[in-house]
Amino acid sequence: MKKIIALIIAIVTVFALAACTTTDKKDVTMDNVKIGVICLHDENSTYDANFINAVKAVQAKLGLKDEQVVIRTGVDESDACYKAAADMADSGCDIVFADSFGHESYMVQAAKEFPNVEFCHATGVSAKVQNIKNFHNAFASIYEGRFLAGIAAGMKLNEMISSGKITAEQAKIGYVGAHPYAEVISGYTSFFLGARYICPSATMKVVYTNSWFDIAKEKESAESLIKDGCVLISQHADSEGAPKACQAAGVPNIAYNVDTTHLGPDTAIISSKINWEPYFELIINAVVKGEAIPTDYCGDFSTGSVALTKLNDKAAAPGTAEKIAEIEGKLKSGEIKVFATDSFKVKGETLSEYKADVDGDYKGETNVIHDGFFDESNAKDFRSAPYFDIIIDGITVPES
Amino acid sequence: MKKERKTREPLVHITKRATIPLWKAILVRVVAILIALVISAVVVVVFTHKNPVEVLRAMFNGNFGSARKVLFLLQRTAMLLCISLAVTPAFRMKFWNIGAEGQVLMGALAAAACMFYFGKTKMPNWLLLILMFAASLIFGMLWAIIPAIFKAAWNTNETLFTLMMNYVAMQIIQICVSIWAPNGSGVMGHINPTTYKGWLPDVFGQKYLINIIFVTILTGILFVYLTFSKHGYEISVVGESENTARYIGINVKKVILRTMAVSGLICGFAGFLLVAGENHTITKDLAGGMGFTAIMVSWLAKFNPLIMMGVSFLLSFLHLGGVQVAQDCRLNESIPEIITGIILFFIIGCEFFTRYKLNFRSAGKEEAK
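Protein chains in written order, with our numbering: chain A, 1 to 400; chain B, 1001 to 1369.
Everything labelled a hint here was simulated from the structure, so no lab data went into it. Hints should not be assumed to be uniformly reliable.
Unchecked claim - Here are the computed distance ranges between Cβ atoms for each label pair:
| hint | chain 1 | residue 1 | chain 2 | residue 2 | range |
| --- | --- | --- | --- | --- | --- |
| 1 | B | VAL1168 | A | SER224 | 47 to 57 Å |
| 2 | B | ARG1355 | A | GLU399 | 55 to 65 Å |
| 3 | B | VAL1028 | A | VAL28 | 18 to 28 Å |
| 4 | B | MET1123 | A | ASP259 | 37 to 47 Å |
As the list claims (entries may be wrong) - Think about it this way: if two alpha-carbon atoms lie no more than 16 Å apart in a straight line, the pair counts; the simulated EDC-like pairs of lysine to aspartate or glutamate are:
| hint | chain 1 | residue 1 | chain 2 | residue 2 |
| --- | --- | --- | --- | --- |
| 5 | B | LYS1050 | A | ASP66 |
| 6 | B | LYS1050 | A | GLU67 |
| 7 | B | LYS1094 | B | GLU1240 |
| 8 | B | LYS1120 | A | ASP361 |
| 9 | A | LYS337 | A | ASP371 |
| 10 | B | LYS1253 | B | GLU1234 |
| 11 | A | LYS61 | A | ASP371 |
| 12 | A | LYS244 | A | ASP266 |
| 13 | A | LYS205 | A | GLU169 |
Just so we're clear, the structure is a prediction, and the values are computed from it rather than from any experiment. By construction, the Cβ of each residue, glycine as well, lies at the ideal position given by its N, Cα and C atoms.
Let the hints inform the model, and build the full structure from the sequences given.
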């Protein structure tokens, strides 16, 4: 009985306290600006580690105190995200940032409830459609970074072919993907196109783990691909599973988001990554200066958002660094388009039109092919999050 | 020659206590929790080099730092309590149902399916909510009653059976999500985010409050059902001895099936609350392991629904406090689990001292005289 009374008292307290909440807007300066970062997993996931490291680096750069940068890890893609966001808004955060695709609708919910707080969501798709002033999406043209990582893969394949280790036909890449989702498909396709740009006989086999973070499954997937004759492995899944399996089997590996040289000192070649520092800096500065945050932001080479980790000379083929620099220059100048329609075929056909699902309703409605290329991550006309979800010839995926 | 026979008496020997006064029983537990809190603080301090007082303050702030946090605490307590209530009737019967997670998920899935398919129609919201409610209860019950039928008919091992059913439920959810959200991302996000169809309404302007109220009422009902009803008595007898139950004319199979149906119904109800009153989506992680934590809650409370309120409150307090500690001290999500683990270890450990007595050597001699 006492506990029931205690419960009732607690509920009454909730109302009493709720009545006192005020929504005064403070004068935001660099000394009191506060940002909350919501992460799906913790730093053991390479994906989340990439965000955590970036926000910490920006904190150091801007001279913010620990209290001004609140990081919460392990926030599920459920009401837990709304709770974390609302709690951060309550505790005085001027910006709340969430890092996983599934956080989106919960961030939108919080954005509607707290109009004075800016809500920024990475990899999301709906900011342009939602039309909520304080809700923003962000991504980067990481397909260009993936293409460069693919160049390193192609160089390695060519080295294996010329040394007689494999024949040209055996240049098969294995890819451990998380979900059969546009972000993953766009990632491996651009990677594959990069590899094939250098090594024309390259093919690729993809397997999905159906999870963003599953150490055992990622390890097993990499092992099964290696057994299946794949001579180089890459992955878009967030654990150490695949890089470690590659090191154990002595198979070269190309990673995503963080430097994995410590996991595969002899096999990790390079990683492409989205550098989130420019975006964190941008949103913090915008709030301090009272400027608007872009509704949909797509970082690229020019903003420093698309980056490569340090090349591991022990694993990479000779001349890789020079080749990457050369291609990077051509991407920047527009001489090479990653998704040029003459560089890939779908069921034997060259695409001249493709209706992609840009507004996130699961139905393709917008043609994104023009001037001879698939216009990926165009935040101005379409959106920043990838929408390339086509399986091209040369890549085999599991039957669905 | 005189033979001196002397038995070597150990320093400590253990005897079973017949009874323990209530104040002592409470004292033992309070001391255990305090020691556990101190050790948790030490662990955090070792990792962070922060002041232990600060750590404990973060623990407290995480639960009572704001009105909203109190609400989160009560909401979490309510959900954990609801699932703990669900497993209790079966446990009283010594039917080891560890399939609560799956039963809750199936209830949640049924509610989500109704939201997804009928949310687009012109069905009024009250009717949709009733439909979701009914569907959740039925699915939760079905998921519980399948292992019960096998147990009653062929005496299969219910522990393994219910455990496996959890994973089956998770896979079914994965399949449904991949059909309902065909972009391959494996997540749905809010269902009906603009129409709010199938969302339980806010009560007094507060989210989650309706869940808290429902579970409070349910606790009362279940307490009465287990303690004062004929069904409750039958459950206890079957739990004590099936042969006795048979001897006094209780239909054991019927009681097993009926009790598991009750367990499943309440699990389904918890699933309904998780979807309609909290998350408004479906994922395989929606129950978040609470189906397993609930087993511990039920046991620690000795299957008493009123004590379960306190235990769920304590575990929720520890979890949310741990989350705050992790955030304030920049530790990761493992910290809440470590703290909960330490405290549970001590609570379960202290049960030993409530059941047994340590007799030291001198005390033993006195007794001998």
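Hint by hint, here is what the structure shows:
Taken as a hint, the range 47 to 57 Å is violated for the pair VAL1168 (chain B) and SER224 (chain A), whose Cβ atoms sit roughly 24 Å apart. In this structure the supplied range 55 to 65 Å holds for ARG1355 (chain B) paired with GLU399 (chain A), their Cβ-Cβ distance being about 58 Å. Evaluation of the 18 to 28 Å hint for VAL1028 (chain B) and VAL28 (chain A) yields a failure: the beta carbon distance comes to about 52 Å. A beta carbon spacing of about 54 Å between MET1123 (chain B) and ASP259 (chain A) contradicts the range 37 to 47 Å that was offered as a hint.
In summary, the hint linking LYS1050 (chain B) to ASP66 (chain A) is supported, as the alpha carbons are separated by about 13 Å, within the 16 Å threshold. For a cut-off of 16 Å, the pair hint linking LYS1050 (chain B) to GLU67 (chain A) stands: about 14 Å separates their Cα positions. Between LYS1094 (chain B) and GLU1240 (chain B) the alpha-carbon distance is near 8 Å, which keeps this suggested pair within the 16 Å criterion. For the suggested pair LYS1120 (chain B) and ASP361 (chain A), the alpha carbons sit about 14 Å apart, so the restraint of at most 16 Å is met.
Taken as a hint, the LYS337 (chain A) and ASP371 (chain A) pair is honoured in the structure, with Cα atoms around 11 Å apart against an allowance of 16 Å. About 12 Å separates the Cα atoms of LYS1253 (chain B) and GLU1234 (chain B), which keeps this hinted pair within 16 Å; it holds. The hinted pair formed by LYS61 (chain A) and ASP371 (chain A) fails the criterion: a straight-line CA distance of about 41 Å is larger than 16 Å. A distance of roughly 11 Å separates the Cα atoms of LYS244 (chain A) and ASP266 (chain A); the hinted pair therefore holds under the 16 Å criterion.
With a CA separation close to 14 Å, the supplied pair LYS205 (chain A) and GLU169 (chain A) stays within the 16 Å bound.
When each numbered hint is compared with the structure, violations occur for hints 1, 3, 4 and 11.
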